[in-house]
Structure formats: structure tokens, C-alpha cells
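A.B. asks: Since the structure of chain P is provided, determine the placement of chain C on it from the hints.
First to last, the protein sequences are chains P and C. Converting from the first sequence to my numbering requires adding 16 to each position, the first position being numbered 1. Converting from the second sequence to my numbering requires adding 766 to each position, the first position being numbered 1.
Keep in mind that the hints were calculated from the coordinates and are not lab data. One should not assume that every hint holds.
Just a few of them, taken from the derived set where beta-carbon distance is under 10 Å, the chain C residues facing chain P [what the hints assert, rightly or not]:
{"hint": "1", "residue": "Ser789"}
{"hint": "2", "residue": "Ala798"}
{"hint": "3", "residue": "Arg812"}
{"hint": "4", "residue": "Leu929"}
{"hint": "5", "residue": "Asn935"}
{"hint": "6", "residue": "Thr971"}
Label-pair distances were calculated between CB atoms; the ranges are [to be verified]:
{"hint": "7", "chain 1": "C", "residue 1": "Gln909", "chain 2": "P", "residue 2": "Asp60", "range": "36 to 46 Å"}
{"hint": "8", "chain 1": "P", "residue 1": "Arg75", "chain 2": "C", "residue 2": "Ala982", "range": "40 to 50 Å"}
{"hint": "9", "chain 1": "P", "residue 1": "Arg72", "chain 2": "C", "residue 2": "Gly1009", "range": "27 to 37 Å"}
Every residue gets a Cβ at the ideal spot worked out from N, C-alpha and C, and that includes glycine.
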Amino acid sequence: MTPDATHTGDPPHTRDFDAFVAANGRRLLHIARLIAGDDHRGEDLLQTALARTYLRWHRIQRDDPVAYVRRALVNGQRDWWRRKPSHERPAAYPPDRASDVDLAEEHARRDALLRALAGLTRRERAVIVLRFYEDLPETEIAETLGIAPGTVKSTAARALRKLRESPDLASAELAHLAKANT
Amino acid sequence: MNPHPVHEPDHDAAALRHLLAASEGTAPRNLAAAARNRSTRIRARRRTAAVVSAAAAAVVAAGASVAVLPGGTGTASARPGASGTPTASGTSADASSTKPAPPMTSACPPSSVQPSQCLTYPDIQWIPVGGIALPQPGGTAPQFRDIFVTPSDEVLGKGNVGLYPGSANVGAGGNLVLTGRAEQPGDPFAALAALRAGDKVTVRTTTHIYTYTVDAGRDVKPGDREITAPVPLPPGAPQNGSGAYLTLIAAGPREGGPGRLVVWAHQTDVRDA
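Isolated chain P, as found in the complex:
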């Protein structure tokens, strides 16, 4: 718990970067895990995206670092897919994870969500996450993904239809949740 001299001596942009990660880390990690479809690969994806962000930090700090990381996540996911297609494991269930923080029910819900998202294409998954978790407008999603706004709209509609028909995310649960929400 003693303050470390190496950190106090760090340049200010390192502190700014750390503060940025502290503020947004949890949210960015969730995005990464959801679009990667796997917790471990999501963490890896985010770390690489953040590392690239840090390399250019002095340039993007004053723009919109969150948007930059989002793009880095989407691009990283695409690049990874192109480079190592054999790494995709179309398993019915994601592998077991070591986790002691999630309650059982929460855990089951997460698993169901990840399984349901695994039934979508990469682009559908990204659109769903940016749209319904990040609440981005269609134009911004289109910009992040480098596709046309119309494509975002049709992709979101198709993805929602798939999710509604997904056995993992039985519409019963969606309906139940909707009732609890209103």
C-alpha cells in the first residue's frame, strides 16, 4: 500500500490513461467480451485495443478515446478472425470459466446471453452490442463498423429476430424481463 516512486514519476499522460481505463474499463471489457463471444478472448482483445490506444494516447486523448477503443475492438475482432480462422470454436457451450464473483443465477444468465450471441454473425453481434449496450445512434455504429447506416438497420433487425428465436434466450425470458422492466 506504499506509494511507489515509479508511478509518481510517470509522465502525466500515463496517469491520464490510467484514469481513463479506471473510468471506462468495466464497460469496455463487457463490450469486448460480448463481441468476442468469449470472456478470455474478450479480455485479450481489450488489452490489445488499449495497448494500441496508449501508443497513440497523446493524439486521441482530446478527441474521443472511447470511440477509438470501440473501433479498435471491432477491428481487432475482425483481424483476429481473418488471421486465425481455425481458432473459432463453434461449440454449443462456451468453455468453463474460473469465476468466483458471479452469483449462480447471474452466471447462468451470462452464459445464456453469450450462447445466444454466439448464434449471430460477427457483424450482427457488434451491431447488437453497440446498439443496445452502448446506445449509439445508427450513424455512429455505421461509422465504427465502416458500413452503411442502412446496413446497420437491417443487420439489427435480423439479429433481433435471431435472438428472439434463440432457444438459449427463450422469448419467455425476454417477455418476462420486459414485464419486470415496465
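C.D. replies: Chain C in isolation, oriented as in the chain P frame:
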């Protein structure tokens, strides 16, 4: 409230939103430091890619090992910031240099033979994400208090302010909900009860200074979840284009009051720090 309907029943979208938000995990405490560490490896790889030789390959191999980082001959000079363009704002350097560094956590087991080779990192929970200053009664100069993401007793007990669960991020728009102690003079929110409509509250990050204008305040009962709504109570609060609000919550019941004191404000100015 969604301006971009996708021609699907709204309740499914609402349920999906809820599901996505409810399944959040927690970020590892060394996230920032690990990412910075990885960036040195990326940089080292980029450098060595130009010089294709056995020696270059060795540097990459060394760079891939966390333990070698502090003493690594090839990667030491590639430390981030060492050669980076020093364009980061000088003002934030001055402001932050007086603050104590966050406690460091070590990835080493206690029995580690060579602790010098272990990676130590600032605990993400103890990295301030901004500061807040309330106008003080009697014209005393306002003092900035650190804002941390986790509103733990330890964080608040040291005179800091924390993000209330469900709050928006500092500087991200939406409803920024902060909680701090307000029991004694010297507590960060001691002046909360003295705030009046029209008072200016300042929130700053390393890059921006945000000014909020107080709208109203009142006591709320514990467990009132409405206080983190994107457009906060009271419903009559002025709508501003940025949709950015500030909600301040006293971290305990007010003496003699029916509940905790909450003050609402809306953003009226954004400046570069």
C-alpha cells in the same frame, strides 16, 4: 426514448438492453498497467520488424516476457512515454503532481525470490477519474476532491467522492451521480445543504472542466433508484442539449431529515482544462 426504431417490438429491445447491462462483470485491477505493458511489446515488435535478424528476434522474445521488462536491455528504451511526443497537457501534470499516488499492487507472490522482477501496478480502484468542487458558504475558496469509480467506505472515508452505482462516467454525458460524506465540516459534501438553485458546481478531468448549475435539492428515502435515471428528478429540470446532468448524494442520512439529501444540477459549460 429510442430515436432509432428497428421495427421490432419495443419490449424485446428493452429486455435485451436490460440483459446486456445486467451481465456486466468487473474489470481486472491491473487492466491499465497490463495494457501499457502490452504496448511496449507492440512497440518493440514494430521496431524489431524493421531489423530482421537473430538479435531482433531475441529482443521480441525478451519483450514477450513480463518479468524481463524492468531490466530488459532491448525493451527498456521502448518504455511508453520515454520517447513519446510530450504533448500531454502541462496543467494536468501540475494538478496531479501534488496528489499521492494510488496504492501499488504487486503481481508477485509474497514468497517471491526476486521481487524486483515482478510487475507492480496502481490499483485501478485507487486511480482518481476526476475532481469536484462545491461552492463554499462564506466565500471560502472551493477545494477539489478526488472522484473514484468505487464508492467504498474506505474511498469515501478518506474525504473522496465516489461514483454512485448506475452513474454515467465523468465527462460522458448522461447523469453523473456522485456520493460523498456530508456529516462534518471538511467532508467533501459538507456544503451540500447550503447549495441554492443557480449555484455553480465544477467537475474536472485531466482534459476538461465541466460547470453544472444547481436546479433543486431534496431528501429522498433510501433505496430510491430513480436518482440514477438518465434524466434525473425533479421532472421539471431544464432540458439542455447535451443531456448531461449531475446528481450529488450525501453518503448518509441527514440529521433530523427524513432521508438522504440529494441535489440535482445540469451542465451549463464545458471547457478544455
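A.B. asks: Taking the hints in turn, state whether each one holds.
C.D. replies: These are the hints, each one checked on the structure:
Taking 10 Å as the C-beta cut-off, the interface hint given for serine 789 of chain C holds, the closest approach to chain P being about 4 Å. For alanine 798 of chain C, the interface hint holds, the least distance from its beta-carbon to any beta-carbon of chain P being 4 Å, beneath 10 Å. This hint holds: arginine 812 of chain C has a C-beta 9 Å from the nearest C-beta of chain P, less than the 10 Å allowed. Annotation: leucine 929 of chain C was flagged as interfacial toward chain P, and the flag holds, the nearest CB pair being 8 Å apart, inside 10 Å.
Checking asparagine 935 of chain C against chain P by beta carbon gives a least distance of about 5 Å; that is within 10 Å, so the hint holds. Checking threonine 971 of chain C against chain P: minimum C-beta separation of about 7 Å stays under 10 Å; hint holds. In this structure the supplied range 36 to 46 Å holds for glutamine 909 of chain C paired with aspartate 60 of chain P, their Cβ-Cβ distance being about 42 Å. For the pair arginine 75 of chain P and alanine 982 of chain C, the beta carbons lie near 41 Å from each other, so the given range of 40 to 50 Å is met.
Checked against the hint of 27 to 37 Å, the pair arginine 72 of chain P and glycine 1009 of chain C passes, with Cβ atoms roughly 29 Å apart.
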